[in-house]
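Trainee: Each chain, written out:
Protein chains: 2
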Amino acid sequence: MRKYRVFVEELHAGEFVISGSAFHHLVRVLRVRSETLVLLIDRAQGTCAHAHVSEIRETEATLLVGILEPAIGAEPLWILQGLAKGDKCDAIVRDATELGATTIRFVDTVRAVVRLEGERAMARSIRWQKIAEEAARQSGRQDVPQVDGPESWLDALASVPESLTRIVLWEQADEPLILALLPAIEQGKGVAFAIGPEGGLSEEEIEVAKRAGWIICSLGRAILRTETVAAAVLGAVRVLSGT
Amino acid sequence: MRKYRVFVEELHAGEFVISGSAFHHLVRVLRVRSETLVLLIDRAQGTCAHAHVSEIRETEATLLVGILEPAIGAEPLWILQGLAKGDKCDAIVRDATELGATTIRFVDTVRAVVRLEGERAMARSIRWQKIAEEAARQSGRQDVPQVDGPESWLDALASVPESLTRIVLWEQADEPLILALLPAIEQGKGVAFAIGPEGGLSEEEIEVAKRAGWIICSLGRAILRTETVAAAVLGAVRVLSGT
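Top to bottom, those sequences are chains A and B.
In this text, residue positions in the first sequence follow my numbering: the first is -11, and each later residue adds one.
In this text, residue positions in the second sequence follow my numbering: the first is -11, and each later residue adds one.
Extracted from the complex, chain A is given alone in its bound form:
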């Protein structure tokens, strides 16, 4: 049985009420119903637990949460992706799911050529989650990554647990990715990659990320299309993890 991942705050066993963005994701995007089994993950602690949805109301839902476990099986692997044109985001969700991403969040950035808001944003979000579900099924994964957004650069950066090695890929960076990635994998830490849209990330966006504790790394001199980056870096994680 495939389980959805939903990030929550202050997870505890027993009756657990969710509202706000977690409720929105669970009910509007994932469209879960009563009795559905989901995997709740405490964003701050990294603990997780299986939960049954027991009641869905207008703006909140009650879940029955089982025993909290110290960590999820695979290390968390996040992709923050600058919103790209046309079908590129669909392809990124497919590739990233297949290559083991546990969370994929689309991000509005200043140089993006695409904006998504309101109903259209919601429709795309639902579409991405379906693609992730299908890709997870085809690749034999037991879980489905959480796909979210688009949201602001600041919100997206702040949504990533600080326990992960957090890396922004930037073509103007000096530090080769391997220097940040290898220690993370050797120490069994999760990794988050932030990837710009077609137009790249602005210097100000890079500064904001640095101040938030992100490492700025380069993938080399040759220019990659934004839709190739996630597959390349997740491929590297997979090979380096020796799985």
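Certain hints may be false.
Heads up, the list lumps identical chains together, so a pair's fine if it works in one copy or across two of them.
Said to hold, decoys possible - Below are the DSSO-like pairs computed for lysine-lysine, each with C-alpha atoms no more than 27 Å apart in a straight line:
#1 K118 <-> K198
#2 K177 <-> K198
#3 K76 <-> K118
#4 K118 <-> K73
#5 K73 <-> K177
Derived by calculation from the structure, the hints in this document are not laboratory data.
Given chain A's structure and the hints, the job is docking chain B onto it.
Mentor: Leaving out everything else, chain B in the frame of chain A:
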């Protein structure tokens, strides 16, 4: 100026006549004319030299070859790709070029769902070369990978210089890719990856590769689509190379 790569046998400086498959590639696929500058690479020695096409005849061409150099700038990076459906091969050529492949050869395999022969094969070959050219330009590469095939599994395996670390990716293999890949990169050796089509490689094809000295490696338990594999492994090479 972008230069085409053409593999030849027994390369030497001065007047140099090419015929057979190298002639075919140069004149039919690349459609080069007199005075075009190309990069000739000696398949066995790995030496290379710039050359001007001086005369094109019915079945052979004469080139004026400059000084032989010990090796090409980047290590050779080959992709042998089982012929896949529809636009997948186009996407693979694009991704592989962007991520640094120097040679891409399509291969007929027993479980392939697609066959290409005669005129259609030629048209596709020309199309792939154009895609490689465009992808090389967009990624700022100074050279264009040679794209060939489809050809038989045996011929494709035999076309790869033995000086490369030659790896078949197979989902039933036990050895993680990193064990074969890391030593190759540390020693500055070129790498060749052979990737099956949608239906995978047969046990007989794996046996043939083993006998020819190829290493059989796994990319982990999760199932990858054939069109994701090249990007994932070339991404790993790129990150591991620390460029």
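Trainee: Give a verdict on every hint.
Mentor: Consistency of the hints with the structure:
1. Neither within a single protomer nor between protomers do K118 and K198 lie at most 27 Å apart by alpha-carbon distance, with minima of 33 Å and 40 Å respectively.
2. Taking identical chains as interchangeable, the C-alpha atoms of K177 and K198 lie at most 27 Å apart only when both belong to the same chain, with a minimum of 19 Å there against 36 Å between chains.
3. In this homomeric assembly, K76 and K118 come within 27 Å of each other (Cα to Cα) both inside a single copy, at 15 Å, and across copies, at 22 Å.
4. Taking identical chains as interchangeable, the C-alpha atoms of K118 and K73 lie at most 27 Å apart whether they share a chain (19 Å) or sit on different chains (23 Å).
5. For a Cα distance limit of 27 Å, the shortest separation of K73 from K177 qualifies neither inside one copy, at 32 Å, nor across copies, at 38 Å.
Violated hints, in rising order: 1 and 5; the structure is consistent with all others.
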